[in-house]
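A.B. asks: Keeping their order, the protein sequence lines are chains Y and U.
If you're matching positions, the first sequence starts at 0 in numbering that gives the first Met the number 0 and goes up one per residue.
If you're matching positions, the second sequence starts at 0 in numbering that gives the first Met the number 0 and goes up one per residue.
What the hints contain is simulated information worked out from the structure, not anything from laboratory work.
Hints are supplied without guarantee of correctness; some may be wrong.
Calculated from the model, a selection of chain Y residues having no Cβ within reach of chain U, i.e. all distances over 10 Å [to be verified]:
1) R39
2) H131
3) D196
4) G255
5) D261
Computed footprint of chain U on chain Y; a stretch qualifies when at least three of its residues, placed anywhere within it, have a C-beta under 8 Å from a C-beta of chain U [as the list claims (entries may be wrong)]:
6) 25 to 38
7) 286 to 300
8) 309 to 320
A few chain U residues facing chain Y, derived, Cβ under 8 Å [to be verified]:
9) G37
10) F41
11) V63
12) K64
13) V66
14) D68
Beta carbons: idealized from backbone N, C-alpha and C, even for Gly.
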Amino acid sequence: MAAGAEALQRTPLHDRHVAAGARLVPFAGWEMPVQYAGIRAEHDAVRRHAGVFDVSHMGEIETTGPDAEAFLQRILSNDVAKLADGGAQYSVLCLQDGGVLDDLFSYRLGDRFLTVTNASNHASDLAWFRKHAEGFDVALTDRLHDLAMLAVQGPQAREIVEGVTEGELPKRFKTATLTVAGVEDVLVCGTGYTGEDGVELIIPAAGAPAVWDAVVAAGAAPAGLGARDTLRLEVCFHLYGNDLMTTRGPIEAGLGWCCKEDTSFVGADAVRAVREAGPAEKLVPFAVTGTGIARQGNPVVGGGEVTSGTMSPSLGYAIGMAYLPAERAVPGTPIEIDVRGKTRTAEVRSKPLYSKEN
Amino acid sequence: MAASYPDDLKYHADHDWARVDGDSATLGITWYAQEQLGEVVFFDPPAVGTTLTKDQPYAEIESVKAVSDVVAPLSGEITEVNEGLSDSPENVNEDPYGDGWMVKIRLSDVSEVDDLMDASTYEGSLS
Numbered sequence: 000m001a002a003g004a005e006a007l008q009r010t011p012l013h014d015r016h017v018a019a020g021a022r023l024v025p026f027a028g029w030e031m032p033v034q035y036a037g038i039r040a041e042h043d044a045v046r047r048h049a050g051v052f053d054v055s056h057m058g059e060i061e062t063t064g065p066d067a068e069a070f071l072q073r074i075l076s077n078d079v080a081k082l083a084d085g086g087a088q089y090s091v092l093c094l095q096d097g098g099v100l101d102d103l104f105s106y107r108l109g110d111r112f113l114t115v116t117n118a119s120n121h122a123s124d125l126a127w128f129r130k131h132a133e134g135f136d137v138a139l140t141d142r143l144h145d146l147a148m149l150a151v152q153g154p155q156a157r158e159i160v161e162g163v164t165e166g167e168l169p170k171r172f173k174t175a176t177l178t179v180a181g182v183e184d185v186l187v188c189g190t191g192y193t194g195e196d197g198v199e200l201i202i203p204a205a206g207a208p209a210v211w212d213a214v215v216a217a218g219a220a221p222a223g224l225g226a227r228d229t230l231r232l233e234v235c236f237h238l239y240g241n242d243l244m245t246t247r248g249p250i251e252a253g254l255g256w257c258c259k260e261d262t263s264f265v266g267a268d269a270v271r272a273v274r275e276a277g278p279a280e281k282l283v284p285f286a287v288t289g290t291g292i293a294r295q296g297n298p299v300v301g302g303g304e305v306t307s308g309t310m311s312p313s314l315g316y317a318i319g320m321a322y323l324p325a326e327r328a329v330p331g332t333p334i335e336i337d338v339r340g341k342t343r344t345a346e347v348r349s350k351p352l353y354s355k356e357n
Numbered sequence: 000m001a002a003s004y005p006d007d008l009k010y011h012a013d014h015d016w017a018r019v020d021g022d023s024a025t026l027g028i029t030w031y032a033q034e035q036l037g038e039v040v041f042f043d044p045p046a047v048g049t050t051l052t053k054d055q056p057y058a059e060i061e062s063v064k065a066v067s068d069v070v071a072p073l074s075g076e077i078t079e080v081n082e083g084l085s086d087s088p089e090n091v092n093e094d095p096y097g098d099g100w101m102v103k104i105r106l107s108d109v110s111e112v113d114d115l116m117d118a119s120t121y122e123g124s125l126s
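Same shape as in the complex, but just chain Y (with noise of 0.2 Å):
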């Protein structure tokens, strides 16, 4: 056990994830499983059967009250009286600069509304969401300990979830409170972070346990973070700290779509003055054409930098997303990238990177 360790937080399925064989490593402040099996047949089981992640790390808070929709619609990116009761929607905080403090799902459940934050974020979003709270009449809670959060992702996983769930599954973009493997109030989300077809399920904490083993007897891989990001790359799903952060803002990072400016939110101003000047970098997805692996961090010659890099386990080549100076952020356009002193060829291309018509 690496020192520090008994620092960090565990999930209600740190058993089962010792029992599966994981190797734990430290992530965000949690004790996570990065790998079981092995990342490339945890990422072909997703991509062929179905896979399930604890992801319990990732935080809630619960937003009440009269104002709630107007305070949400004051810090979220996205147009909040456009999310229907049950829906879901993806938005980013801005700072009043438009740089990116998170990039979060929304999810609307009657009168209140739950919003799931990045486990390294949950902290300051929390803070942040109760600094602008002020003058609207919401209650804010932090139910980051209260809930688990497994997401079932595969061809086969709504199959799986529905074999254990009682009530029909939510569609895509959509939620449904119900009973699964006998819990409780289990949230079913029609939300992944993979490119395939699946559930996200957000259940109370003491339920997660049964939840797992159900849908890993039917069939369900135990899938760790590793896999996790190599399948959120090939369809270009942005990771926060690796293509959003603070010094860049949504529009450079291909997040216009999920700005609306005309809703005043916090950083619209800024947002709208770099969608209308265009902005100067661009987020691109890009394949090495030679050899090696391009990583975050690698510099683009010319300007630029790599802000994730991978091997794709379904392409079986080197993979990643860049900022570049927009006029070469242009698919087709051929890149080369200083990989710790070795210059690699690499050339920019269209999202996603792998679709399952490859």
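With the hints as your guide, set chain U onto chain Y.
C.D. replies: This is chain U only, laid out in the frame that chain Y set:
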């Protein structure tokens, strides 16, 4: 695949092995090292003729998640590199003491071999 540490090899604390034959040696990484790395997806060999210095990195090996240095257990000059790892880096996982070898070197100081561990000492150091 079970852990193994063949008796005919010498071991370095940075989890490298050397198969010494007179004034030359074949180098690679141990079963423990490949297990810690996970699936190897890229090995970038140095050029033939490169000089290796004992205890210093001489190559990079990459798993899906991360890049790691490969440390030289002995000093010398590279006479051959394992070109087969370009197409089949997984050989490092599947056969770390056979097809997963990395480079062959001509030793510059044969006495350095005495600093390396035998198999039982190395295996004991892992627990």
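A.B. asks: Does each hint fit the structure? Answer for all of them.
C.D. replies: Verification of the hints:
no. : hint       : in the structure
1   : R39        : violated (5 Å)
2   : H131       : holds (37 Å)
3   : D196       : holds (24 Å)
4   : G255       : holds (31 Å)
5   : D261       : holds (42 Å)
6   : 25 to 38   : holds (count 4)
7   : 286 to 300 : holds (count 4)
8   : 309 to 320 : holds (count 4)
9   : G37        : holds (6 Å)
10  : F41        : holds (5 Å)
11  : V63        : holds (5 Å)
12  : K64        : holds (5 Å)
13  : V66        : holds (7 Å)
14  : D68        : violated (10 Å)
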